[in-house]
Each structure stands twice: as structure tokens, then as C-alpha cells.
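**Q** Start from the sequences, fold in the hints, and give me the full structure.
Order-wise, the sequence lines are chains A and B.
Position 87 (the first sequence) corresponds to 86 in numbering that gives the first Met the number 0; numbering is contiguous.
Position 112 (the second sequence) corresponds to 111 in numbering that gives the first Met the number 0; numbering is contiguous.
Treat the hints as calculated values from the structure; they're not laboratory data.
Heads up, some of the hints might be wrong.
Identical copies look the same in the list; a pair holds intra-copy or inter-copy alike.
Mimicking DSBU-like on lysine-lysine, the simulated pairs with C-alpha atoms at most 35 Å apart in a straight line are [unchecked claim]:
id : residue 1 : residue 2
1  : LYS308    : LYS104
2  : LYS389    : LYS174
3  : LYS40     : LYS308
4  : LYS301    : LYS40
5  : LYS85     : LYS40
6  : LYS85     : LYS301
7  : LYS85     : LYS308
In this text the structure is predicted, and so the values were computed from the model without any measurement.
There are 2 protein chains.
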Amino acid sequence: MNFKINYKDSTTDARSGEIVLSRGVVKTPVFMPVGTLATVKGLTPRELVDINAEIILGNTYHLMLRPGEELVSQFGGIANFMAWHKPVLTDSGGYQVFSLAEQRKITEEGAEFRSHIDGSRHFLSPERAVEIQSQLNSDIMMVLDECPAKEFSKTEVLKSLQLTQRWAERCFLAKKEIEKKQHNVDFSKANFVWKYLKASEQNLFPIVQGGIHLDLRKESAEGLISLDAPGYAIGGVSVGEGHELMREVVEFTTPLLPTKKPRYLMGVGHPQDLLMGIAAGIDMFDCVLPTRNGRNGGALTKNGPINLKNACHRDSFDPIDDDCDCYACQNFSKGYIRHLFIAREMLASTLTSMHNVRFLISLMEQARIEIKNKTFASFAKEFMRRYNKK
Amino acid sequence: MNFKINYKDSTTDARSGEIVLSRGVVKTPVFMPVGTLATVKGLTPRELVDINAEIILGNTYHLMLRPGEELVSQFGGIANFMAWHKPVLTDSGGYQVFSLAEQRKITEEGAEFRSHIDGSRHFLSPERAVEIQSQLNSDIMMVLDECPAKEFSKTEVLKSLQLTQRWAERCFLAKKEIEKKQHNVDFSKANFVWKYLKASEQNLFPIVQGGIHLDLRKESAEGLISLDAPGYAIGGVSVGEGHELMREVVEFTTPLLPTKKPRYLMGVGHPQDLLMGIAAGIDMFDCVLPTRNGRNGGALTKNGPINLKNACHRDSFDPIDDDCDCYACQNFSKGYIRHLFIAREMLASTLTSMHNVRFLISLMEQARIEIKNKTFASFAKEFMRRYNKK
Numbered sequence: 000m001n002f003k004i005n006y007k008d009s010t011t012d013a014r015s016g017e018i019v020l021s022r023g024v025v026k027t028p029v030f031m032p033v034g035t036l037a038t039v040k041g042l043t044p045r046e047l048v049d050i051n052a053e054i055i056l057g058n059t060y061h062l063m064l065r066p067g068e069e070l071v072s073q074f075g076g077i078a079n080f081m082a083w084h085k086p087v088l089t090d091s092g093g094y095q096v097f098s099l100a101e102q103r104k105i106t107e108e109g110a111e112f113r114s115h116i117d118g119s120r121h122f123l124s125p126e127r128a129v130e131i132q133s134q135l136n137s138d139i140m141m142v143l144d145e146c147p148a149k150e151f152s153k154t155e156v157l158k159s160l161q162l163t164q165r166w167a168e169r170c171f172l173a174k175k176e177i178e179k180k181q182h183n184v185d186f187s188k189a190n191f192v193w194k195y196l197k198a199s200e201q202n203l204f205p206i207v208q209g210g211i212h213l214d215l216r217k218e219s220a221e222g223l224i225s226l227d228a229p230g231y232a233i234g235g236v237s238v239g240e241g242h243e244l245m246r247e248v249v250e251f252t253t254p255l256l257p258t259k260k261p262r263y264l265m266g267v268g269h270p271q272d273l274l275m276g277i278a279a280g281i282d283m284f285d286c287v288l289p290t291r292n293g294r295n296g297g298a299l300t301k302n303g304p305i306n307l308k309n310a311c312h313r314d315s316f317d318p319i320d321d322d323c324d325c326y327a328c329q330n331f332s333k334g335y336i337r338h339l340f341i342a343r344e345m346l347a348s349t350l351t352s353m354h355n356v357r358f359l360i361s362l363m364e365q366a367r368i369e370i371k372n373k374t375f376a377s378f379a380k381e382f383m384r385r386y387n388k389k
Numbered sequence: 000m001n002f003k004i005n006y007k008d009s010t011t012d013a014r015s016g017e018i019v020l021s022r023g024v025v026k027t028p029v030f031m032p033v034g035t036l037a038t039v040k041g042l043t044p045r046e047l048v049d050i051n052a053e054i055i056l057g058n059t060y061h062l063m064l065r066p067g068e069e070l071v072s073q074f075g076g077i078a079n080f081m082a083w084h085k086p087v088l089t090d091s092g093g094y095q096v097f098s099l100a101e102q103r104k105i106t107e108e109g110a111e112f113r114s115h116i117d118g119s120r121h122f123l124s125p126e127r128a129v130e131i132q133s134q135l136n137s138d139i140m141m142v143l144d145e146c147p148a149k150e151f152s153k154t155e156v157l158k159s160l161q162l163t164q165r166w167a168e169r170c171f172l173a174k175k176e177i178e179k180k181q182h183n184v185d186f187s188k189a190n191f192v193w194k195y196l197k198a199s200e201q202n203l204f205p206i207v208q209g210g211i212h213l214d215l216r217k218e219s220a221e222g223l224i225s226l227d228a229p230g231y232a233i234g235g236v237s238v239g240e241g242h243e244l245m246r247e248v249v250e251f252t253t254p255l256l257p258t259k260k261p262r263y264l265m266g267v268g269h270p271q272d273l274l275m276g277i278a279a280g281i282d283m284f285d286c287v288l289p290t291r292n293g294r295n296g297g298a299l300t301k302n303g304p305i306n307l308k309n310a311c312h313r314d315s316f317d318p319i320d321d322d323c324d325c326y327a328c329q330n331f332s333k334g335y336i337r338h339l340f341i342a343r344e345m346l347a348s349t350l351t352s353m354h355n356v357r358f359l360i361s362l363m364e365q366a367r368i369e370i371k372n373k374t375f376a377s378f379a380k381e382f383m384r385r386y387n388k389k
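**A** Quick look at the structure:
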């Protein structure tokens, strides 16, 4: 993996660059659509390419349960499996173990839990998390971390980040062990000629934790930097602490991370948080917001979010956002899309998800231009003024 | 409307030609995907164009209930509303009144019924059916007909087709009245520049009924031919009578219809029935089969239908049909699509519906080639041999 910073803003810490991965080049800052179960809900890979998605995220927790990493591995990994011929990042499964799984028990060894689907028992250790992601054959893997619960005391958060540090170290050791092995997949019976059989290189990012405690964020960051990883993530934000506390944590933590490596703010996708993160020097984001909200009628526009199910859109000839270049906005009216939502037609979710993802990707594209022009601060201010004005 | 027959088969009554409508040219024999609520479920108009759909069908019954024909009319008709810039055929709503609606009461005047959605009261007369379809602005409209119930005695079927005849006559009168009026739609506030604001010409097809009674089919056909319509449909087939009885009715009725006008076999979509219909001289077909089955895992292949949910497809690297040129078959394995079905992902329905519709459209394309080469009979025989072989 190679990361090159091409431009820096003058009045903020924003930067734009390129991450070169074995499946392709990703321009930063980048928004990664979430493809939980090896599909970005409602969109074809062809549609994702059309809206200029350059990298997507897959969820290890979901994929280990369904269809199982062995099956994905038989198909040459998640990218081949889902016919997405660009880079993929997989998370470690940690976050979902803490937010979705049942009867979880955390020990030094790892996390034992029951599947939220069928109650089956599973065990995720740092070594297993890396092994699974190796089988998923993502371009970027994440270490298994513990996401501290909101009600944790500061002492508990400290203990948790120390566990996350030890797990991160075990993940890096596990990765070295796995790289010694050969992964050979027999495609002799395949009718397809897949274009990219394998990511020739997988990169492992550790995750800074520490909750809302800045001194603990510092301790976590410093511990992980010693691992000399190819990139670093900030986790445990956007978990209900609110925009201002998130801003404080991100603005404090980001400068602690190595300047020359990509910085990834996990699970963040509200436009105001994306712009805040970019200004703080973040390069990568992911969030289910554009697709999850999109399936429920929530659409992002330059004038703020709207709900397409509302009766006020019934007669509207206008597109969701008249500045948007996506297929949905170039062809369909809000009145039509509202009808699709009311009639519970699949196309409602597809068009709105497509628009929402495109909206965030466009925001990243514009941010890159503004960073190059050293005008990011005024752009972000003007964007937010219009976005928040009702 | 203009219909031109370009080629005739030598050993069957199959013919291929072109229907020139104000929104485009439709090559026949043609399969029309069903877009019940102004969307072909799971597919974007762009995807429909990609699989070479040339005309789609909209359901008057569904659209009059949701979103209502007035709203569709405000958007310039169904084609503009759904951003489909090719011809549209609408049915009259009759079939759904008989199959879906509640508490229906049929009188000479028309059909009173309650909506299957909210129980609201509605009335559909021949005049209303034409008025609604005029507002939907389809290229081809259908007359309101009574679809006789399976348990009807022959006398009841006779009474029913006589009612259908009187209703057809009233539909043609209503159409003349409506054409005198001006339909002006104010698009001055529209942000879109719609490419095709209006079908400059709407064509009305009557529907031959008569159940499984050949003499009644003859009486119905003869009565309707006196209307000198631009095209004729055969209705009341594929309602549970079985393939052989359907064949008997179609092979008997089709030659009774004017040779120089398009003949439309309503609601038929099984490959064997399509080939039978083409051989009998049918030009147009529609059916929900490819999309409805597609949403439930049912896929059409040259070797017969398969269910993609079955465990036998779990590890399959193969596409649904290795001869198919659709996006689904060119990129995705059965193993992946099965995973999507098991995980209840929308993309499962999209890919399988896309393939199924393409499969039937490809079958029509191949049929046109075989008719031109005067080899349709042997083609159909060989297709069915492979399709039915297990």
C-alpha cells in the first residue's frame, strides 16, 4: 500500500491524496459505502461504479455468519464474490459483536457471542478476525477492538483500550503468520474469468479507542503508533456522544496519528461530521446512513435532509437535489419516488440510496477540489450554512 | 399506429414485424415486462433498456388506486412519470377487478368494487377505463372486459362475452369523445425537460373472451372484428385451464383475428406457451412470471427453471445461464445470488428479475431470427426438448 498526499489546505488540517491498493487507487478524502453482506443494499456494483464509489466496506461479523468466510474464500474473496472489481475494506467484526450479538462474553482471549440470526455460538479472537479477513481477501483489514460501552467508567475505558492494544498486537502477529501460508484457490471449474482474483497485498489498520477521554485517546494512539501500521483508524465515535463531543475527540486525536499515513474515522457519515473530520485531517469515512436512511425515505440534499414519504412531495416535478448528477436526480421526480415509497416498491430504495451515496461521494469530490484550491474552510462553512438553513 | 409484417415462417403461422407507436418502434414477436405500479419491480428503466425491453405494461387497476390517474396525468402520463421513454401498454383494470378486488358487483353499467388495499369503494365502467388510460397516456389501451370465472357454465360464459362486446363498443365510443377534448398539461414549473411529453396517438385493443368454448371464442372474435380496431387481444387464458386447453383455444382463436393487425395473448409468459403462441401467429405477450418468480428465487434457464435458493447452488461458480448476455449472468455466480436470497438482500431480486426478463426477451429475439430463416418450428422443438429435459 502506498499513500501519497497531493494537496494540503492552508487554514485547516485537510489534505487530499491517493491510496494505492492492489485492486485500485482511492482518492482521499473518501467516503466508503457499506456493503454489509457483500452487497451495498439496493445497488448493483455497476451503479456503484457509475456514482464513482472507489472502495466499499464489508462487515466481517455479518459475513462470518452468512454465508461464512470459507464460502467467500472459495469464490476468491469478497470482491470476486460480489463482482466488485475495486478495493474493499473489511472491519473486524468487533463493533457488531458489541452492538448486535447476544450473550457476549469478553475475555483476554477474545469475544464469545451468539449470532443475532439463529443464536448459534461463535468465537472471535484477534487471530480469528485476521484469519477471516484474510479469507475475505479485503485490501484493508481492521484489528479486533473492544468498543467500550457508553456507561463505562473512565477506569473501565482505560482497561478496555489496553485490551484493544494487546489485541492489536496479536492481530499483527497473526497477519505475519498467515502471510507465510499459501492461499490457493482452485478456479479451474469456474465459468467466469474473474478480473481480479486476489488482492496481492492486505493492509491491517489498528483502531484508536479511549471514549471521550482525551488523555486516554492519547494513550491509545501512542500505543498503536508503535505498531508502525500502514494506516490508523479512530473508533468509538458517533456512538451517541453528540456532534460537539465527537468533534473534540476527533480534533484532538487526529493530529496524534502519523501525518504520512491514511487516517480513517469509523462509522461517520453525517455531512457536518464528514466536513469536520476532513478539516481535522481525516482521509477515510464509512457509514450506513446513506443506504439505511435511503431505504426509509430519508434523502440528503444541499438544503438539508428531507423525507420523501412526506405528502408535500406528492406533486413535485423536482428531482431530490437539482444540483446532483446521479441517475436518480437526472431522471426522476420527488413525486414519482414518493409514489414508489408509498407503494413499497423496491425502486424507491434503490433510487434514494443511489442518490444519498452519490451525494456523499460528490461532497468528497468537491472537498478534494477545495483542498487543492486552499478554500476548504470557506466551502465547508457555506455548505453547512445552506445545509442547516430551514 | 402502424403494423408491418416483415417475415413469415414457412411451416407455422409465426410472423415477425414492427409496431410503430408514437413513442417508438416495437419489434414483434415481443414480450412486455409488467410494470404494475409504474415500475417493473426491482429494475430501473436504464436496466430495462439494457436488456432490450421495447414496451412495458402498466396496470390500470393498481394505478387508479395508487397514486391515482390524476397524479400520473399531472406528470404527463405513465411514461414520463416513471422516466421510461419508450412505448407503454395499459390494461383496462378488468382482470384485477375480477382477481384482486373485494365485494365486486358487475352490472350492465360497469364494475363496482372495493380496493384490496384500503377497502375504499370504486367504480370502473368502460368509459372510466378509457378515461383513466387516456390520463395514463399509454400508447396502447385495452377495453374493459369481463373475465369469466372458472366455475361459469357455458351459458354464463356466453352472457359474459356479450357483455364484453357491449363494453368494448362503449370503450370505442368513449375514446372518440375523449379525443375531442384537449388534454393540456402545464409543465412550466417542471425542473425536468422530459423527452417525450405525450403519446400523440393512443390505440385501443378489444379482448376476445369465451373461456374454453371454441364456438364462443368464434362468436366473440367475430363481434369484436366489426369494431375495426388497430389490434386484438386474446384474454381469459392462462387462468388455470392448463397448457393443452390453452393451446387449443389459442390455435383456434388466433387465425380468426385479422392477419394484418397485431395479436396479443394476455398474461402468458411460460416459455412453452410463448413458443406455442408465436407458432399460432401471436405477436405480443406480457406476464409477471419473470419478475414475480425472480423475487422468489425462481430463475429461467435454457435447461428449464431452477430455484436459486436451493442448497445445490451454494458453491456454484456458474452464472444462472451460461448462454445469457445479461449483466447478472455476465458478472455473478449462482453461489453469490443464492447467498443474496438467503440473506434477503434486494440485489437477489434485482439480478434474478433482470435475468428472467432478459431470458424471455432473448427468446423473442431468437424467435424473430428463426422466423426470418423459416426455421421457427425446429427451433421451438429443440428449445423445448432442452428446456423440459431433466
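**Q** Tell me, please, which holds for LYS308 and LYS104 at an alpha-carbon limit of 35 Å: within, between, both or neither?
**A** Result: close only across copies, 34 Å inter versus 41 Å intra.
**Q** Quick one: LYS85 to LYS301, C-alpha cut-off 35 Å, is that within a copy, between copies, both, or neither?
**A** Both ways: LYS85 and LYS301 sit 28 Å apart in one copy and 32 Å across, limit 35 Å.
**Q** Is it within, between, both or neither when you check LYS40 against LYS308 at 35 Å Cα-Cα?
**A** Both, since 19 Å and 19 Å are each at most 35 Å.
**Q** Could you figure out if LYS85 and LYS40 sit no more than 35 Å apart (CA to CA) within one copy, between two copies, both or neither?
**A** So LYS85 and LYS40 pass the 35 Å test inside a copy (17 Å) and across (28 Å) alike.
**Q** Tell me, please, which holds for LYS389 and LYS174 at an alpha-carbon limit of 35 Å: within, between, both or neither?
**A** neither (50 Å within a copy, 48 Å between copies)
**Q** With 35 Å as the alpha-carbon cut-off, assign the pair LYS301 and LYS40 to within, between, both or neither.
**A** Classified as both; 23 Å inside a copy, 30 Å across copies.
**Q** Pop the pair LYS85 and LYS308 into one bin, within, between, both or neither, using alpha-carbon distances up to 35 Å.
**A** both (34 Å within a copy, 28 Å between copies)
Hint 2 from the list above is the single one not met by this structure.
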